[in-house]
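The residues making up each chain are set out below.
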Amino acid sequence: MSAEVSPGTDALAAAGQTRGIFPAELLDRCISCGFCLPACPTYAQSLDEASSPRGRITLMRALETGVLDDDDATLREQASYCLGCRACEPVCPAGVQYGELLEHWRSHQWQGRRRPPLARVLTNVVVRNWLVRRLGLFSRHARTATAAPQGPHLMLGCFERALFPAVSRAARRLRPELDAPGDQGCCGALHAHNGDLELGRELGRRLGEQLPGTIVTTAGGCAAHLASVLGRDRVKEFSEYAAADPATALGELRVDGRRARVALQDSCHLRNGMDVWREPRELIAAVADYVELPGAAQCCGSAGSYSLLRPRDSRRVLAPKLDQIEAAGVDYVVAVNPGCQRQLVGGLRRRRSRVRVLHLTELLAAAQDGGLPRRRLRLGLRSGRRAEVPADEPAGTAAHLNDRPLPDDPGAAAAGRPDALDGSAGPDDIR
Amino acid sequence: MALDPGVLAELGSIVGREHVRSGAGEVAPYARDATPLFSSPPDAVVFPARTAEVAAVLRLATAHRIPVVPRGAGSNLCAATVPLQGGILLVLTRMDRVLEISNEELLVRAEPGATTATVADAAAAKGLLFAPDPGSRTVSTVGGNVATCAGGLRGLKYGVTRNYVLGLEVVLPTGEVIRTGGRLWKDVAGYDLTRLMTGSEGTLGVITEVTLALLPMPATASTGVAYFSSLADAGRAVTAILGHGVVPATLEFLDRTCIGAVEDYAKLGLRSDAGALLLFGDDGEADAVERNLTRMGELCADEGALEVTVAKEVAQSEALLAARRCALPALSRLDTLTVLEDVTVPRPRLAEMVDRIDDVAARHDLVIGTFGHAGDGNLHPTAVVDVRDTEAAERTHAAFAEIFTAAIGMDGTITGEHGVGAAKLPYLRQRLGDDQMALTRRIKTAFDPAGILNPGKVGS
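Residue numbers (full-length UniProt numbering), protein chains in the order written: chain A, 1 to 431; chain B, 1 to 460.
Just chain A, with the same shape it has in the complex:
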């Protein structure tokens, strides 16, 4: 404390010269101690204060007090470079709600022309129920005709129902009491994270009305957003829901006559936003040998739309994780969020890894069934063809849908070229 207080953001804030972009009580929380720095994946890459949570909060304060204007290049870059993984929150001694600050930041920063066009497209697609339904039209995701008034309801997700329809089928097979009305909409997490916090919350509330009572979701990112809108007690992520009632016989997953070795990739928002991380581990350990990856809790670089908006940075975050997965000698790596699942499938496929990616529900359903079908021989066969799912195939065994090339995955097109196989060796990956 000193008489020589310089006129910085604190002083301006103290004088009330603020723009009202951020709720003051959120921005005031940060004491700039820097404890978040070692937890931040983008700071680890850049070693630049500007791409650390503390530095970004200083930037937000500069925006709030008018020290920097909306068009400042660093503000724009950092609002987008941040993964939004919220790894800074559990390590924050002062309890800064960084994820919410980021949502406010992007909602301001990404207005109008400043919004990344791809983010606009993505969020526009899922804003209407009929379009969300259409996403799932050709996929065989779970659906039930009726909904019990108080649930528990299975949330189908928007992109999840199209990309990984087997996940909701597996969830329903494991927990038949879950109803899954097909006309449910998007939860709004995508909007909240991509510069439209208000619409994100509105969609969350709307989904809450469509699915009254308890909502069970297989997507960690959706769970955290819904919980922030509807209240923590109304939202259960699947592992949390399943672990709370261990009555079900789980079975065992075996590979080559031994118990399968299975690793987990945490969902950032599930872990950092909802403190759910023990449950998926316990469930995996019940059916297989659980292997903890050294960086299981760190972001895989999917980060919602991030892998599409900033593919290079996304791969740089992913590369060390792929190394860890391959070094761990596991049969499967489990995801608890569709974005992570998609990211890992793409990354491991580019490396022609033998490790397969499953959603937790798929793993558990397979254990109940007594195993997964043998992996198809894929080498040389991977054109853009869509995998056919036999009509009588049990839900839990549809995991090879993971192998379906995704149209926006550049690694899929490059597969077969030896020099393109190792995702860690590209020029993007060198710091």
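Since the hints were derived computationally from the structure, they do not count as laboratory data. One or more hints might be untrue.
Okay, derived cross-link-like pairs now, SDA-like style, lysine to any residue, Cα gap no bigger than 25 angstroms in a straight line [as the list claims (entries may be wrong)]: (1) B:K267 / A:D275; (2) B:K126 / A:L293; (3) B:K312 / B:N163; (4) B:K267 / A:R29; (5) B:K126 / A:E25; (6) B:K186 / B:P218; (7) B:K267 / A:D233; (8) B:K126 / B:N103; (9) B:K267 / A:A244; (10) B:K126 / B:N163; (11) B:K267 / A:E25.
Some, not all, of what chain B presents toward chain A, calculated at C-beta under 8 angstroms [stated by the list, open to error]: (12) A24; (13) S75; (14) R94; (15) V98; (16) A301; (17) Q316; (18) T336; (19) T338.
Backbone N, C-alpha and C define an ideal beta-carbon position, used for all residues, glycine too.
Start from chain A and add chain B according to the hints.
Structure of chain B alone, referenced to chain A:
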């Protein structure tokens, strides 16, 4: 005052253009460190990767009379790295290698940007202990630790950073590279420039390599906790412990305000009816540790402890230490502006000082929680106020001025381990006196004739 484009270009040619930032948004995050209320952006942020680059930057800066402020992770609590006069902020985080760990010589050599935890972990992997243990160890850099002579939770038994600095490589503001000390535990050739650099807060030279002493890793460690109805009782227990020849590795206290805040925050099951909490701990051979902990527990009970518990296992020990480590964050949650101070008094006057702080807080109508290192007499009175309440900030200012004066009156000091920086410079003369202040300035001028290094701080 923006830098001349020619200077920026030269900086770029020294460290590489991508390692020079000068845009308004690029420099804005570097306007502050972990000190509240101090904020002033540099004109450029420069990230050197080698000693030669540091030297070239400093020569350029001296030639053009541009202020240079060296910075590690910016976790200091005295605004030592806030560039009050703009200029170049020299960030050393790219120089982050651990160069060597020697079991034979019990030392580690590292670049300044390596974090304290990185160095300590690298040493631990070889069965060695880097003893200084500042609270920000996962963030702080060893260069910053040396530049601020960082303290920590193990100060009583193990000392502070200065006790572990064997040698330094330093770039002087005029560009010369000197190596002070070295790998030797005994070396009295000339002035002890290594010690002079330690705690110089980036005002005399830029540290580009450190050689630090290590110790064999203690076999085991354990912690206990005692609750007292008042801090005076806890203070007597501290005196009794040290008077009985026990020099514990840990002897930390929390006052009533802190206990309540920590319990609300971390739910560790602390007794919130107690007036003071004393954490005591030791490390070493298992039987010695057990003996010392039992003895300390008994001495606490003799001095009227309400309750004494000794941790049964490592996890429990860790939880107890966590209570102390989270004191500051827990307090900071009480309001939006947290002003943490660092006065230190002779050990026997600890309880007296805490009483004075409570008295000052009451008279100025402030919430001040006090925690700290009982074994070192090092207190951290922490005021929490509303950042928008300018009148409360004024009261805080006045209260701490009184607290500093009280500490000096007890043969204490204005800062035990955080440093002077910009935050406590106004009180430095009170502590050092005119003659030492004048000498400090002459020393500064001898190192830095152009006055470019961290101007507006110690020695300016």
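Here's how the hints hold up against the structure:
1. This hinted pair checks out: K267 (chain B) and D275 (chain A) have alpha carbons roughly 16 angstroms apart, not beyond 25 angstroms.
2. Taking the CA atoms of K126 (chain B) and L293 (chain A), the gap is near 24 angstroms; set against the 25 angstroms cutoff, the hint holds.
3. For the given pair, K312 (chain B) sits about 32 angstroms from N163 (chain B) by alpha-carbon distance, which is inconsistent with the 25 angstroms threshold.
4. Between K267 (chain B) and R29 (chain A), the direct Cα distance comes to roughly 20 angstroms. Compliance with the 25 angstroms bound is thereby established for this hinted pair.
5. Between K126 (chain B) and E25 (chain A) the CA atoms are separated by roughly 46 angstroms; this puts the pair beyond 25 angstroms, and the hint is violated.
6. Distance check on the hinted pair: K186 (chain B) and P218 (chain B) sit about 24 angstroms apart at the alpha-carbon level, within 25 angstroms; holds.
7. Our distance criterion of 25 angstroms between C-alpha atoms is met by K267 (chain B) and D233 (chain A), whose separation comes to about 21 angstroms.
8. Our distance criterion of 25 angstroms between C-alpha atoms is met by K126 (chain B) and N103 (chain B), whose separation comes to about 7 angstroms.
9. Between K267 (chain B) and A244 (chain A), the direct Cα distance comes to roughly 23 angstroms. Compliance with the 25 angstroms bound is thereby established for this hinted pair.
10. For the given pair, K126 (chain B) sits about 21 angstroms from N163 (chain B) by alpha-carbon distance, which is consistent with the 25 angstroms threshold.
11. With a C-alpha separation of about 23 angstroms, the suggested pair K267 (chain B) and E25 (chain A) falls inside the 25 angstroms cut-off, and the hint holds.
12. Taking 8 angstroms as the C-beta cut-off, the interface hint given for A24 (chain B) holds, the closest approach to chain A being about 6 angstroms.
13. Taking 8 angstroms as the C-beta cut-off, the interface hint given for S75 (chain B) holds, the closest approach to chain A being about 5 angstroms.
14. The beta carbon of R94 (chain B) comes within 6 angstroms of a beta carbon in chain A, closer than 8 angstroms, and the hint placing it at the interface holds.
15. At about 16 angstroms, the closest approach between the beta carbon of V98 (chain B) and any beta carbon in chain A exceeds 8 angstroms, and the interface hint on this residue is violated.
16. Evaluation of the A301 (chain B) hint against chain A yields a violated restraint, the C-beta minimum of about 32 angstroms exceeding 8 angstroms.
17. For the restraint placing Q316 (chain B) at the interface with chain A, the shortest Cβ-Cβ distance is roughly 20 angstroms, beyond the 8 angstroms limit, so the hint is violated.
18. At its closest, the beta carbon of T336 (chain B) sits 4 angstroms from a beta carbon of chain A; the interface hint therefore holds under the 8 angstroms criterion.
19. At its closest, the beta carbon of T338 (chain B) sits 5 angstroms from a beta carbon of chain A; the interface hint therefore holds under the 8 angstroms criterion.
Consistency with the previously given hints fails for numbers 3, 5, 15, 16, 17, ordered from lowest to highest.
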